[in-house]
Amino acid sequence: MRYRIAGTIPLDSSMTFEDLASKAKLDEAFLTRVLRHAIIYHIFCDPSPSHVSHIVSSLSLHSSNSVRDWLEMKLEEWGPASVNAINVLAEYSGSQEPRETGSDMTLNDQTSFEFLAERPERANVFGSAVGNFSKGISHKVEHLVENYDWEGLGHGTVVDSRMQLISCFPLKSHRFMFITPDRRIHGHISLAITPAFPSLYFVVQDLPGTAFEGSNQ
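Just so you know, this note's numbering puts the end of the sequence shown at 217, numbered straight through with nothing missing.
No wet-lab data here; the hints were simulated from the structure.
Glycine included, C-beta positions come from ideal geometry on N, C-alpha and C.
Check before you lean on any hint, since a few could be wrong.
BS3-like cross-link-like pairs, simulated, lysine-lysine; straight-line CA separation at most 25 Å [what the hints assert, rightly or not]:
id	residue 1	residue 2
1	Lys135	Lys74
2	Lys25	Lys74
3	Lys74	Lys140
Restraint-style ranges between C-beta atoms, simulated for each label pair [to be verified]:
id	residue 1	residue 2	range
4	Arg119	Asn87	32 to 42 Å
5	Ser82	Arg119	33 to 43 Å
6	Ser95	Ser161	19 to 29 Å
7	His42	Ala196	22 to 32 Å
8	Ser64	Val141	37 to 47 Å
9	Leu191	Leu59	27 to 37 Å
10	Arg2	Pro195	42 to 52 Å
11	Arg119	Gly7	16 to 26 Å
12	Ala24	Ser95	38 to 48 Å
13	Pro98	Asn124	16 to 26 Å
14	Arg99	Ala24	35 to 45 Å
15	Gly7	Gly79	34 to 44 Å
16	Leu191	Ser95	30 to 40 Å
17	Cys45	Gly79	23 to 33 Å
The whole structure should be built from the sequences, with the hints applied where relevant.
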């Protein structure tokens with residue numbers, strides 16, 4: 001992802017491994033091995049021994065920003081953080097401290113929030129990547145609006161909260177409700193529920209910058 005290989009290969013024609021390596025500034029033998037491995041998994045194809053071209057699966061890496069950003073986020077930040085979670089478990093078993101996590105170990109001793117706040121370009125990749133989830137039918141907000149007993153909360157309070165790297169199923173207790181999206185929220189879930197259940201009171205919790213952005217929407 002870092003070398004934008006998919007974006008360098010033409011959409012409607014093939015390209016030699018040599019030319020691709022030259023444009024990507026990578027060793028030809030190394031790049032050829034990597035791409036042939038990808039071809040085994042039906043990403044790209046080799047119409048001739050010296051050429052590579054797109055197929056349907058690789059076209060999404062060329063033309064879809066959200067798919068490309070999702071994969072980049074997984075490879076650059078959250079994949080290494082997941083691997084480091086095992087190291088953290090060995091060193092800080094049972095710790096609940098925000099700086100004793102796999103992401104903190106990966107992201108220069110910063111929480112994921114701090115890391116993204118200081119790097120707008122990575123925050124944009126993150127936003128695009130997680131936004132890809134909401135496009136799938138299984139992540140539609142309508143499922144939450146239509147299939148939970150919101151009416152049973154009466155005039156209760158709903159806390160629309162953000163949690164680091166965790167998504168929780170709704171938990172109801174004494175007419176008090178927590179919902180925890182897995183991305184910068186801007187209150188979009190609360191805004192979807194409110195028209196159908198106007199008796200509920202919503203509290204949206206997030207980082208100050210995100211909360212400020214949401215208040216202006």
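Cross-check of the supplied hints:
1. For the hint linking Lys135 to Lys74, the alpha-carbon distance of about 18 Å falls within 25 Å, and the restraint holds.
2. Among the hinted pairs, Lys25 with Lys74 is consistent with the structure: their alpha-carbon atoms are about 23 Å apart, no more than 25 Å.
3. Taking the CA atoms of Lys74 and Lys140, the gap is near 22 Å; set against the 25 Å cutoff, the hint holds.
4. Hint check: Arg119 to Asn87, Cβ distance near 23 Å, so the stated range 32 to 42 Å is violated.
5. Between Ser82 and Arg119 the C-beta distance comes to about 20 Å, which lies outside the given range of 33 to 43 Å.
6. For the hinted restraint 19 to 29 Å between Ser95 and Ser161, the CB-CB distance of approximately 21 Å keeps it satisfied.
7. Range check, His42 to Ala196: Cβ separation about 43 Å, and the 22 to 32 Å hint is violated.
8. Distance hint check for Ser64 and Val141: the Cβ-Cβ separation is about 22 Å, which falls outside the suggested range of 37 to 47 Å.
9. The given range of 27 to 37 Å is respected by Leu191 and Leu59, whose C-beta atoms sit roughly 34 Å from each other.
10. Taking the beta carbon of each, Arg2 and Pro195 are about 43 Å apart, inside 42 to 52 Å as hinted.
11. For the pair Arg119 and Gly7, the beta carbons lie near 21 Å from each other, so the given range of 16 to 26 Å is met.
12. At about 41 Å, the beta-carbon gap between Ala24 and Ser95 stays in the expected band of 38 to 48 Å.
13. At roughly 23 Å, the beta-carbon separation of Pro98 and Asn124 lies within the given 16 to 26 Å, and the hint holds.
14. In this structure the hint that Arg99 and Ala24 lie 35 to 45 Å apart at CB holds, the actual value being about 37 Å.
15. Judged by the Cβ atoms, the range 34 to 44 Å given for Gly7 and Gly79 is violated: they are separated by roughly 21 Å.
16. A hinted range of 30 to 40 Å for the beta carbons of Leu191 and Ser95 is consistent with their spacing of about 36 Å.
17. Evaluation of the 23 to 33 Å hint for Cys45 and Gly79 yields a pass: the beta carbon distance comes to about 26 Å.
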